[in-house]
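> Residues per chain, in single letters:
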Amino acid sequence: MSAVGGLGVQPRRFGGPRDRLDAFAGRHRSISLILGMALVGALLPLIVLLPPFNSFQGQASWVDGFTNAGVFVLLALGLNLVVGVAGLLDLGYAAFFAIGAYTYAYGASPFSGLEIPFWPMLLVGAFVAAVFGILLGAPTLRLRGDYLAIVTLGFGEIVPIVFLNSDTYTQGTNGIGGIYKPSILGYDFTLTNPWPFYIVMVALVALAMAFCYRLIESRLGRAWDAIREDELAAASNGINTVTAKLLAFALGASTAGIAGVFNASKLTLVSPDQFLFVVSFTVLAMVVLGGMGNVWGVAIGAFVIYTIQSVVLKQLNTFFDRTGIPILRDIDFIQLQFLLYGIALVAMMLFRPEGLFPNSRRKRELRARATAGDDALAVPAETAEGLE
Amino acid sequence: MTATSGTLRATRRSLGPAASIGIRLGVIIVALAVALAFLGPTQFLNALTRGAIYALVALGYTMVYGIIELINFAHGDVFMVGGFVSLTLLVNLFGASGAITEPVSLAITLIAVFVVAMAAMGLVGVIIERLAYRPLRNAPRLAPLLTAIGVSFILQNIIQLIYGPFQISVPQIFPTNAFVEIGGVRVALLAIFIVIVALTLMIGLELFVGRTRLGRAMRSTAANREAAALMGVNINRTIAVTFFIGSALAGAAGVIFGLYYGVAQFQLGFFAGLKAFTAAVLGGIGNTTGAALGGFIIGFIEVGASSVGLARWGPAVVFGVLVIVLVFRPTGLLGQQLGERA
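Residue numbers (the working numbering), protein chains in the order written: chain A, 2 to 389; chain B, 29 to 370.
In case anyone wonders, no lab produced these hints; they're calculated from the structure.
Please note that the accuracy of each hint is not assured.
To be clear about the criterion: a stretch of chain B counts as covered by chain A if any three or more of its residues have a C-beta under 8 Å from a C-beta of chain A, and this derived list gives those stretches [unchecked claim]: (1) 166-176; (2) 180-188; (3) 299-307; (4) 337-344; (5) 347-359.
Every residue gets a Cβ at the ideal spot worked out from N, C-alpha and C, and that includes glycine.
Between the sequences and the hints, there should be enough to build the whole structure, so can you do that?
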């Protein structure tokens, strides 16, 4: 006890292990980030063996749930590039998720007769989604941001409809089943063993996070910052805003494509109802609640929200079913979640627009403008009261 | 539409007003004749009523966009809630279960339902603006768009909590089997009634925006908010009035939808909103005449698409129209330059 207390008082010796760790983390950000994710990935399955968590479900179910949460973390990381960093509102993000998933379904299922391995298909899925992102973004990114929002909203609705209605190519409502699972070095992934998928997901999330960090701190990332804060000023300073916005859109889409390929290979089934608007909305809520622009914040936000909705809300349902209290029993907490998301989204934008885990620059930006604007408008509105 | 300024942000061609209106009317009449020949009378009327609904919803989008440059994503859901308000009034207050054949009580019920639903939705619109949009009026553009999405979800889920997720049938109090013969063609009275109601509301809106003091305040606020404030316009009240009128029109559209289709469901507003927004963009966003015109055009496009066997692709066709308009004529048919303005 005294040793621990003593550490705080003593002047820290330079060159101690902690400083060396900090210095290493400063110099090798990507490596330390991947190591950090590996640590998190190793600890999570152990934490769920502890008391409050082990009463919900067994370790295998938890690990499987974490893998599914990872899909949403990937989606949130990708959408964060588009919405959080570049400031483009994409309301049809699930469409790219769907495109990635169907790409894998065509590449590796009895339906198409092809059997391309999972690993190259990750890249193919990312590429196809990015192409669609560019096709959709090219006409609309030249216009104001609001048009992009509505066009992506439409696109997100149309893609499932297209998959639903072109029965010949997609088997309509039934979707494409029997999709092949990944295998590595002769080891085949199975539905019953959640661990291989979990390890792959941890690796994908770690890579995606390192990728996001490097991207945000690159020349392109600074261009996105500039465009988000003032597009006109960014363009005047020589940034090709259309190209930068298209790249944000395409990179965000490709992340969703990877998530789609992974999800399809895990579920071994793709069907149009997996990609409805609620998916786009959920991911958007994750990004906003986590803290737009902040990679860690968004990842944690997505992870926590997914875990709450898939574990806690379900548990609440079964819990109240068992108690038999009439009113509480009839509430479907999973249905309620979208009402909660809606309220959370509005409350968040009104009271804490920077999110739960804010990005420092983003926070200053959102706070400064809101207060400056209030002052500017208050004066004329008040003086004009009696005149009209 | 009337000869007075049909736009929130008036644009004038170099052509004389009379000639310009003459040409436009001519184009509209020719287009209607072609549509009638192509669709046949039944589908033509169907397109007209559907278009009237889209047009009424599109007006709200375009007015709000014109005045605060916000795509009000919750607007389609306001339309949907309007349908549920009329459902509740009809079932719980009037105890209606089917067509009311007695003309006087039908008229009283209709007037009551329209007035109450429009007032209620107008109030809902004002409340939404006050709580979710006004605090963010000077925030970065993304913020109010996100709250609008949030409000949309809140409205949908409140309705789902109250009425459940399934389609509910709305009593069709206007007799659907009453017809009049026009030139040997049987025309449903309901369709005529709906088109007349919609046109009356649109003309009323044009007169309001063009001729009244508040309408002038709306136009000046849309043109330049700061300058309008300096001229003594109460900006907050003007924007609230805009939301009230836009939402009331959506409420009326909700009542009409119930009368015509006899159903209500909590997700109806989503696609209707998307289509109505497309109509507003097609007509030129910010332009009320354009929104009305766009609404009817979308109605005809959709009915036309289903009559050539693309019924299931309706939303995709409308979305295609939206993308094509944005690529080739982002200002819409009657709109002004909005292009890259940030």
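> Now, for every hint given, state plainly whether the structure supports it.
Going down the list of hints, with the structure as the test:
| no. | hint | result |
| --- | --- | --- |
| 1 | 166-176 | holds (count 10) |
| 2 | 180-188 | holds (count 7) |
| 3 | 299-307 | holds (count 4) |
| 4 | 337-344 | holds (count 4) |
| 5 | 347-359 | holds (count 6) |
In the structure shown, no violation is registered for any of the earlier numbered hints.
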